[in-house]
Amino acid sequence: MPLPLVKGGQSEQDKGVTKPVLSLDQVTIRFAGDSGDGMQLTGDRFTMDTASLGNDLSTLPNYPAEIRAPQGTILGVSSFQLHFADHHVQTPGDAPDVLVAMNPAALKANIKDLARGATIIVDKDEFTTRNLSKVGYETNPLEDGSLESYKVHGVALTSLTVAALASLALSRKDAERSKNMFALGLLTWMYHRPTESTENFLKTKFAKKPEILEANLLAYRTGWNYGETTEDFSVSYEIAKAKMPAGKYKNISGNSAMAYGLIAAAERSGLKLFLGSYPITPASDILHELSKHKKFGVITFQAEDEIAAIGSALGASYGGALGITTTSGPGVALKSEMIGLAVMLELPLIIIDVQRGGPSTGLPTKTEQADLLQAMFGRNGESPVAVIAPSHASDCFAIALEAARIATTYRVPVFILSDGYIANGSEPWKIPSVDSLPDLHVDFAQSQEDFLPYLRDPKTLARPWAIPGTKGIEHRIGGLEKADKTGEISYEPANHDFMVRTRAAKVAGIDVPDLEVEDPSGEATVLVLGWGSTYGPISAAMESLRANGENVAQAHLRYLNPFPKNLGEVLKKYPKVIVPEMNLGQLALLLRAQFLKDVISFNQVRGLPFTTAELMEATMKVIHV
Amino acid sequence: MPLPLVKGGQSEQDKGVTKPVLSLDQVTIRFAGDSGDGMQLTGDRFTMDTASLGNDLSTLPNYPAEIRAPQGTILGVSSFQLHFADHHVQTPGDAPDVLVAMNPAALKANIKDLARGATIIVDKDEFTTRNLSKVGYETNPLEDGSLESYKVHGVALTSLTVAALASLALSRKDAERSKNMFALGLLTWMYHRPTESTENFLKTKFAKKPEILEANLLAYRTGWNYGETTEDFSVSYEIAKAKMPAGKYKNISGNSAMAYGLIAAAERSGLKLFLGSYPITPASDILHELSKHKKFGVITFQAEDEIAAIGSALGASYGGALGITTTSGPGVALKSEMIGLAVMLELPLIIIDVQRGGPSTGLPTKTEQADLLQAMFGRNGESPVAVIAPSHASDCFAIALEAARIATTYRVPVFILSDGYIANGSEPWKIPSVDSLPDLHVDFAQSQEDFLPYLRDPKTLARPWAIPGTKGIEHRIGGLEKADKTGEISYEPANHDFMVRTRAAKVAGIDVPDLEVEDPSGEATVLVLGWGSTYGPISAAMESLRANGENVAQAHLRYLNPFPKNLGEVLKKYPKVIVPEMNLGQLALLLRAQFLKDVISFNQVRGLPFTTAELMEATMKVIHV
Amino acid sequence: MSDVALTKKDFTSDQEVRWCPGCGDYSILSTMQAFLPELGIARENIVFISGIGCSSRFPYYLETFGMHSIHGRAPTIASGLAISRPDLTVFVITGDGDALSIGGNHLIHSLRRNVELKILLFNNRIYGLTKGQYSPTSEQGKITKSTPLGSLDTPFNPVSLAIGAEATFVARTVDSDRKHLTEVLRAAAAHKGSALIEIFQNCPIFNDGAFDIVKDGDTKGAALLQMVHGQAIKSETHGLVHDGASLKVVELSTVSESDLVIHDAHNEDPSYAFALSRLSASELDHVPVGIFRDISRPGYGELVNNQVAEIISKQGAGDLTALLNGGDTWEVE
Amino acid sequence: MSDVALTKKDFTSDQEVRWCPGCGDYSILSTMQAFLPELGIARENIVFISGIGCSSRFPYYLETFGMHSIHGRAPTIASGLAISRPDLTVFVITGDGDALSIGGNHLIHSLRRNVELKILLFNNRIYGLTKGQYSPTSEQGKITKSTPLGSLDTPFNPVSLAIGAEATFVARTVDSDRKHLTEVLRAAAAHKGSALIEIFQNCPIFNDGAFDIVKDGDTKGAALLQMVHGQAIKSETHGLVHDGASLKVVELSTVSESDLVIHDAHNEDPSYAFALSRLSASELDHVPVGIFRDISRPGYGELVNNQVAEIISKQGAGDLTALLNGGDTWEVE
Ligand SMILES: Cc1ncc(C[n+]2csc(CCOP(=O)(O)OP(=O)(O)O)c2C)c(N)n1
Ligand SMILES: Cc1ncc(C[n+]2csc(CCOP(=O)(O)OP(=O)(O)O)c2C)c(N)n1
Ligand code: SF4
Ligand code: SF4
Ligand SMILES: [Mg+2]
Ligand SMILES: [Mg+2]
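Protein chains in written order, with the working numbering: chain A, 4 to 628; chain B, 4 to 628; chain C, 43 to 375; chain D, 43 to 375.
A portion of the hints provided could be inaccurate.
[As the list claims (entries may be wrong)] Derived SDA-like pairs: lysine to any residue, alpha-carbon spacing no greater than 20 Å straight-line: (1) A:Lys474 - D:Asp52; (2) D:Lys290 - D:Val329; (3) B:Lys295 - C:Glu344; (4) B:Lys298 - C:Leu362; (5) A:Lys244 - D:Asp370; (6) A:Lys295 - C:Gln182; (7) C:Lys50 - C:Ile83; (8) D:Lys51 - D:Glu80; (9) A:Lys295 - D:Glu352; (10) B:Lys295 - D:Ser193; (11) A:Lys244 - A:Asp28; (12) B:Lys251 - C:Glu375; (13) B:Lys624 - B:Asn551.
[Claimed, not checked] To be clear about the criterion: a stretch of chain A counts as covered by chain C if any three or more of its residues have a C-beta under 8 Å from a C-beta of chain C, and this derived list gives those stretches: (14) 65 to 75; (15) 291 to 300; (16) 305 to 315.
FYI, nobody ran anything at the bench for these hints, they're computed from the structure.
Glycine is no exception: its CB is placed at the ideal position from the N, C-alpha and C atoms.
Just need the whole structure built from these sequences, with the hints factored in.
Pasting the structure below:
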């Protein structure tokens with residue numbers, strides 16, 4: 004018999020949790036199942052409920068490159084990890100405290116990441132001989148004692164769900180589809196999450212499919228009740244609110260924050276946003292998000308390839324729009340020649356590279372930081388561009404605005420190096436007030452006599468942004484070397500040398516804030532210097548090290564080209580500088596070349612973010628040589 | 004009345020030079036005129052005649068980006084410089100001793116390169132008011148005293164030529180066309196060059212146009228006689244043979260030497276040469292040259308673009324051919340993504356970049372060295388390739404063979420960084436015997452059971468070259484990360500890290516010869532370290548410095564990635580290391596990063612090779628700080 | 043080649059197939075595996091080159107040589123291979139995005155050159171691998187992840203485009219019709235030079251049912267206009283007639299059989315095949331399937347290799363010593 | 043816009059023209075400079091975007107906005123500009139190599155989308171700027187720097203290719219015929235969306251005389267089949283008649299005027315224009331010139347901007363504060 008649909012909100016208290024409650028300061032949960040099991044959705048919902056409860060959090064989705072890899076195989080496993088706490092959270096967590104495994108493949112694929120003592124909740128219905136052998140289990144791990152060192156809960160998730168939904172007019176297959184909601188309900192009970200928002204979410208989502216709605220709600224509540232009722236779960240857990248600055252928050256992924264930041268940049272500059280893009284993982288979601296917001300006057304143009312994508316963006320910039328292109332590494336390779344033209348034309352352009360594992364097609368759904376040198380040098384000739392990188396998911400919002408500032412002020416292509424980790428990961432974001440956002444007002448060249456398209460602003464070295472439609476300043480530009488001031492074609496040796504150096508000087512002179520060093524003791528001799536998405540893991544590791552009594556300094560580069568003016572000083576101050584990167588040492592190469600500092604690289608190229616533990620260990624090794 | 008056509012050879016002695024003869028040890032001549040004046044041909048002929056006389060020499064053609072820029076304008080000036088001597092010649096010469104200027108534009112465009120006292124031979128017929136004003140001469144420089152400090156010979160080249168050809172049934176315009184031959188004849192007299200080979204050349208070239216032939220021969224001889232007869236030229240010059248190793252020589256340009264080297268590599272390896280190319284200045288001539296040699300089984304494929312060009316070359320490599328692609332900087336940018344695939348597939352591939360001025364379209368006909376970092380890093384992900392560079396025109400032959408050795412031994416893409424200067428410049432080349440060329444024999448994978456396409460040779464780390472058509476080793480490869488040994492798709496974090504490091508180690512481990520340092524005194528504290536086409540100018544400057552009593556060491560890198568194993572030592576040995584480059588310091592960046600050595604960059608980005616004087620001055624500054 | 047005839051199993055690799063359940067790619071794969079033995083070509087002499095996309099996984103599943111290359115560029119790699127290795131049989135596997143969006147230029151150039159490639163274009167009218175953006179064959183107004191308000195682009199008609207690009211062989215078939223697909227593959231294999239085969243392919247995840255009308259038992263009979271050389275072009279209910287200078291689909295009941303257009307796949311004038319290609323665009327009411335055009339023109343690889351062979355037979359094979367020592371030379375003693 | 047009408051001189055920039063003497067580009071330039079005033083569009087609202095090649099120098103010589111971009115990519119830049127700035131008039135200047143070799147994909151995609159671009163393709167059947175290699179329109183067997191033994195590729199027919207790519211306006215004209223070129227430019231300017239104009243252009247340096255047959259006084263009368271909407275298609279000596287389903291060129295003397303095909307440039311079915319395009323390939327005995335096809339379909343920029351305008355008119359302009367604060371949010375106090 005179906006439970007009556009709940010009317011309005013109902014908190015876990017209302018539902019009357021009756022079992023003992025333990026307080027924790029943080030938990031990491033990983034939901035894992037088949038690509039078709041809805042793990043991303045389950046994770047998202049748990050995240051939203053957790054966020055609204057006031058915990059700080061960080062998430063890490065992880066899915067296969069295949070759309071739907073064969074069911075029940077290791078390759079088909081999709082997972083979603085969430086780390087939430089009563090304090091500031093820096094990473095999605097190293098090792099899950101709880102693994103929810105919807106089938107043997109999910110268990111097998113994830114077990115190696117668990118520490119002893121971790122909790123494992125499995126759908127024991129799925130541990131059939133056939134499924135076990137599919138992934139190479141010769142015996143049933145639920146029975147052969149191999150999981151001894153974990154707290155294992157074998158729950159008959161499938162059959163319980165099907166039973167609960169028996170009264171509905173659903174096929175067994177359809178009924179089974181709700182089992183992720185059963186799991187979500189159970190976890191919601193376990194961690195005292197509110198149920199209201201998920202129930203509302205389901206109601207909106209399935210507004211037109213009342214049967215499916217009922218099935219999902221029923222499964223969800225059955226899961227909750229299962230936790231509350233059965234002997235199997237004896238305690239539940241509470242995690243207090245994190246102390247976070249007051250304000251309105253939302254949970255946001257890097258790609259969404261980037262899209263919002265771009266829209267904000269367009270609004271604050273008064274420019275039309277033009278995105279020229281070609282889909283590619285993991286950047287496509289920025290295109291998807293922006294194309295939802297046409298009412299901001301946003302134009303999204305899905306081009307025939309990456310070259311056309313950036314070409315159209317450059318054309319739009321030439322016409323006075325905020326021209327943007329989004330892609331990942333292989334797409335950047337294709338855009339190289341057009342970026343060179345943009346350098347020569349000295350027009351604003353934003354190139355967003357959501358990096359993924361390389362080289363070549365590489366690991367499309369995995370993260371990496373190995374496009375830094377491509378962004379710096381991947382073009383013919385001396386072809387300087389600005390390069391900046393967001394440090395965490397919500398920082399993508401600010402970095403987009405910053406890219407727009409640099410691009411429009413200096414009329415220069417600006418690379419944003421995001422990556423798969425922050426693009427898909429999410430975290431709570433304190434929503435800024437629009438008034439607090441930077442003013443990005445832009446002046447176009449005005450009608451005038453004897454217009455000189457390459458006469459520079461002495462401060463910024465920027466040339467005028469002289470857009471078609473402006474009477475009297477008609478002029479011609481192009482990819483051939485241009486004479487200083489007039490912009491006419493020039494093959495003059497001295498002029499070329501001058502222009503090459505001037506373009507370099509313009510980029511070198513971009514105004515960027517000084518690098519801030521966090522060195523609470525003031526006595527650290529080791530500095531850990533990161534860039535991009537390693538911010539979270541490095542910060543977590545530094546916090547832990549300091550908690551262990553170690554003196555260690557941390558700094559994080561958001562500006563890769565040009566570097567902050569004080570970087571040389573900072574490097575000089577610390578005898579030992581560790582540079583952790585998810586590549587073979589690309590930032591390190593730039594630092595060594597520019598500052599002749601023997602920085603110590605710590606590199607991993609595993610398609611995964613660093614763990615806190617790895618970074619702690621690497622740092623300890625340097626501190627205690 | 005036309006002179007009778009000469010039968011067989013006739014040396015200048017036979018013709019009876021009667022004026023006083025001065026001996027010189029070296030001369031630099033620049034022929035300059037309108038694009039349509041045939042200056043390249045004139046220069047080429049003078050070069051051949053000079054070469055056959057046994058002087059050492061070096062040439063530098065210089066022509067406008069336009070096919071035929073407007074007549075009589077500065078932009079339309081085309082020139083050809085030749086430096087020849089009785090000793091080893093390193094460069095085409097800094098400042099011409101003799102300028103032949105066919106019109107006011109040619110004079111104006113080139114005068115600033117002449118030292119006081121230089122000889123200027125002009126066609127005074129062309130110094131009309133109209134022509135003068137076209138290039139902004141307000142008064143006639145032949146008359147206004149502005150050329151006082153030069154030895155000026157105003158020769159009525161046009162009218163003398165036309166007069167000499169009066170008897171032929173030619174229009175005045177056609178007759179005028181032969182005036183370059185008059186100039187050549189005059190210079191041939193002046194420097195005692197033999198006339199036979201040019202006369203034979205003309206006879207072959209105009210075999211089917213007897214009138215034109217006669218006109219050219221007549222003009223040529225009239226020019227010679229003019230020198231011998233008129234008062235204007237009172238002395239002629241002799242330059243003794245240079246002491247060069249015994250052997251058979253030919254004059255060769257960098258692009259031709261490259262083409263020959265590639266054919267030789269194919270012959271010595273037994274592989275079919277497949278060139279996939281898309282025309283681009285200054286690389287097209289390699290395509291042109293190779294397409295003349297189909298009887299070597301050479302396949303040249305002019306593709307629809309640079310991507311298709313390299314794609315086809317990679318496809319051919321996959322099939323067991325020597326796959327090659329030739330291009331210049333903008334083309335490299337387009338090939339980036341495919342190079343990444345080649346890195347992943349670990350197949351041999353030769354990418355020849357004849358560098359030109361950048362960024363973007365830049366200065367298509369000028370030289371530059373600014374693609375080094377693009378070659379190193381211009382791709383997504385960690386994507387290591389080998390990079391080598393020829394040092395002078397004829398070295399292109401050897402470098403092509405070396406590229407083939409590295410590519411086929413290590414199954415890796417190899418970049419050859421040539422540039423416009425050595426591509427178009429020429430020099431005498433001692434023709435090697437075919438037997439002396441390296442044996443490049445290659446072993447393909449054989450039919451076998453349980454074939455592992457990514458099982459590596461422990462010494463080279465190369466995987467097998469396993470070509471279609473080989474029974475039993477059917478396998479699939481691609482751009483996704485591959486499992487060690489099996490080559491199957493792998494998303495395994497540890498495998499990715501391993502493969503990234505292995506590909507890097509393979510390239511780092513390429514066997515390259517140690518760097519040789521020339522330090523005759525053994526007491527130098529300053530090392531000048533160059534790469535690529537700066538070899539000639541640097542060598543010339545070092546010779547001069549040593550002749551001036553300075554102690555200075557010189558070394559030249561033909562291997563940019565990996566560096567020679569002893570490079571670190573060499574850098575350590577010299578307190579001061581100067582790195583001259585025609586870019587903003589790209590090799591310097593790599594050296595600083597890898598060796599933390601504070602090398603001193605000397606950079607010019609003028610589209611022109613360094614002059615000896617510039618390099619001497621820069622070096623002196625460092626020696627005597 | 044071994045004496046024992048090969049079987050479908052011999053062409054099936056040990057790799058696990060990784061498409062979504064119900065994907066049209068499965069039946070194309072299975073048809074191909076079953077067809078290959080018929081070619082009588084040794085496995086090692088067959089190469090499949092693909093780009094990137096769901097469809098481009100195809101080569102992994104065939105026990106032949108194979109390369110899963112990069113997005114849109116398979117024809118370039120395949121061209122280099124086919125030209126330099128005329129002994130091989132080279133297939134190109136591509137999707138509507140791979141072939142017509144990023145790879146459009148390489149496709150049309152391969153076709154005009156007539157390189158010896160058999161190109162299978164899996165047209166599901168969507169980007170599958172990147173999770174559902176519209177493609178150059180998506181119908182105008184299509185709502186996808188990147189076009190929430192509907193796409194605005196006029197789609198390509200792959201057959202028209204290929205014919206406009208001087209293709210010598212162009213065909214269309216449907217993923218699930220093994221018999222028809224096999225026939226088309228057979229004809230393509232027999233063709234000299236490039237063969238382009240458009241295969242309607244269902245993507246149940248992102249564009250489900252796009253081709254239902256030509257696959258469902260009760261509609262397909264009327265929707266599929268069968269083109270068989272030398273036979274009248276018709277579906278179960280409709281037929282093709284001349285209408286002045288153009289072609290028109292009419293109900294069979296309204297015309298006599300003898301008025302129907304008799305298909306001539308070998309018509310040298312591409313205008314005929316082009317007109318056929320215009321009978322259906324995005325909508326699929328009357329879709330010609332079969333071989334639009336199959337004319338004889340030398341393959342590009344053949345021409346290239348003949349040119350080399352001819353010069354060698356005329357002038358003899360190149361002699362490196364002679365080459366190096368040719369031209370203006372001089373001796374230094 | 044100023045009240046005083048502009049003149050040819052107003053559209054002539056101060057840059058020195060740098061083509062070879064006798065290059066066909068000169069007359070195209072001069073015709074364009076003379077034509078532009080007629081448009082009645084202010085100079086600042088006209089933009090010329092070109093790729094790379096001799097022809098692509100064109101923009102420098104016009105006193106409008108202009109960009110000499112990179113090889114083959116002009117349509118991409120022009121598309122971004124035209125879509126985001128519907129107030130501008132955007133011309134694309136390109137060569138046979140630029141448009142059809144490296145830039146082929148962008149060309150066909152611009153055409154299918156029908157972006158508001160007037161594309162002038164200077165077809166000299168050679169690579170001029172790089173000094174004489176064959177191009178995708180060079181006739182087979184052409185001896186050039188890169189094909190000393192003769193080229194082997196079947197050339198593109200640019201008109202066929204464009205029609206196969208769903209072009210809405212395709213025309214052909216000759217560099218030296220100012221009047222005809224002007225007429226075609228006029229029609230292109232009036233057309234919504236993409237207009238492709240192939241211009242036969244002589245390159246006296248590397249491919250001299252390639253179009254002599256359609257330029258020389260004594261041959262051109264017979265060679266040029268004039269296409270004028272609503273009139274019979276004919277040259278001075280020949281005319282076009284239906285031949286079953288296809289078209290045939292016959293001597294005028296052998297047919298009566300009423301049998302000639304009356305040109306219908308607005309025929310929705312591209313098969314007609316395609317058939318016209320096949321009347322001549324490399325050889326130029328009977329070359330249709332004029333407008334092959336001119337049909338009405340909304341421009342892409344118009345569609346894009348309408349879609350934006352429509353959603354704004356329905357839902358109101360975007361509110362950034364609302365956007366940022368939308369979705370699931372919570373307050374921390
Ligand atoms: C250079 C590059 N750009 C973009 C991508 C992302 N990408 C992979 S497949 C694909 C399109 C797939 O569509 P289609 O070719 O129709 O193949 P399907 O998946 O539908 O079979 C895209 C955009 C890529 N891998 N490489
Ligand atoms: C990326 C790139 N590849 C190659 C070139 C060299 N290139 C410049 S123009 C050109 C072809 C010119 O031919 P076409 O487009 O027909 O123009 P034309 O000169 O004949 O007017 C080539 C190959 C280039 N500039 N950039
Ligand atoms: S996404 Fe579509 S095309 Fe791709 S495998 Fe799944 S069903 Fe097939
Ligand atoms: S090379 Fe040919 S196309 Fe180029 S400017 Fe000269 S004549 Fe014109
Ligand atoms: Mg598709
Ligand atoms: Mg051309």
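For each hint, the structure was consulted:
Pair hint Lys474 (chain A) plus Asp52 (chain D) holds up; C-alpha atoms about 13 Å apart against a cutoff of 20 Å. For a cut-off of 20 Å, the pair hint linking Lys290 (chain D) to Val329 (chain D) stands: about 12 Å separates their Cα positions. Simply put, Lys295 (chain B) and Glu344 (chain C) have alpha-carbon atoms about 19 Å apart, close enough for the 20 Å limit, and the pair holds. A hinted pair counts as satisfied when its Cα atoms are at most 20 Å apart, and Lys298 (chain B) with Leu362 (chain C) qualifies at roughly 11 Å.
Distance check on the hinted pair: Lys244 (chain A) and Asp370 (chain D) sit about 17 Å apart at the alpha-carbon level, within 20 Å; holds. Between Lys295 (chain A) and Gln182 (chain C) the alpha-carbon distance is near 18 Å, which keeps this suggested pair within the 20 Å criterion. This hinted pair checks out: Lys50 (chain C) and Ile83 (chain C) have alpha carbons roughly 13 Å apart, not beyond 20 Å. Annotation: proposed proximity of Lys51 (chain D) to Glu80 (chain D) holds, straight-line Cα distance about 13 Å (limit 20 Å).
For the hint linking Lys295 (chain A) to Glu352 (chain D), the alpha-carbon distance of about 14 Å falls within 20 Å, and the restraint holds. With a CA separation close to 13 Å, the supplied pair Lys295 (chain B) and Ser193 (chain D) stays within the 20 Å bound. Among the hinted pairs, Lys244 (chain A) with Asp28 (chain A) is consistent with the structure: their alpha-carbon atoms are about 9 Å apart, no more than 20 Å. Proposed proximity of Lys251 (chain B) and Glu375 (chain C) is supported: the alpha carbons are some 9 Å apart, at most 20 Å.
Between Lys624 (chain B) and Asn551 (chain B), the direct Cα distance comes to roughly 14 Å. Compliance with the 20 Å bound is thereby established for this hinted pair. A stretch counts as covered by a chain when three or more of its residues have a beta carbon under 8 Å from one of that chain; for the region 65 to 75 of chain A and chain C the count is 6, and the coverage holds. Residues of the region 291 to 300 of chain A with a Cβ under 8 Å from some Cβ of chain C number 4, which satisfies the need for three, so the listed coverage holds. Counting residues of the region 305 to 315 of chain A whose CB lies closer than 8 Å to any CB of chain C gives 4, so the stated coverage by that chain holds, three being the minimum.
Consistency with the previously given hints is maintained throughout, with no hint failing.
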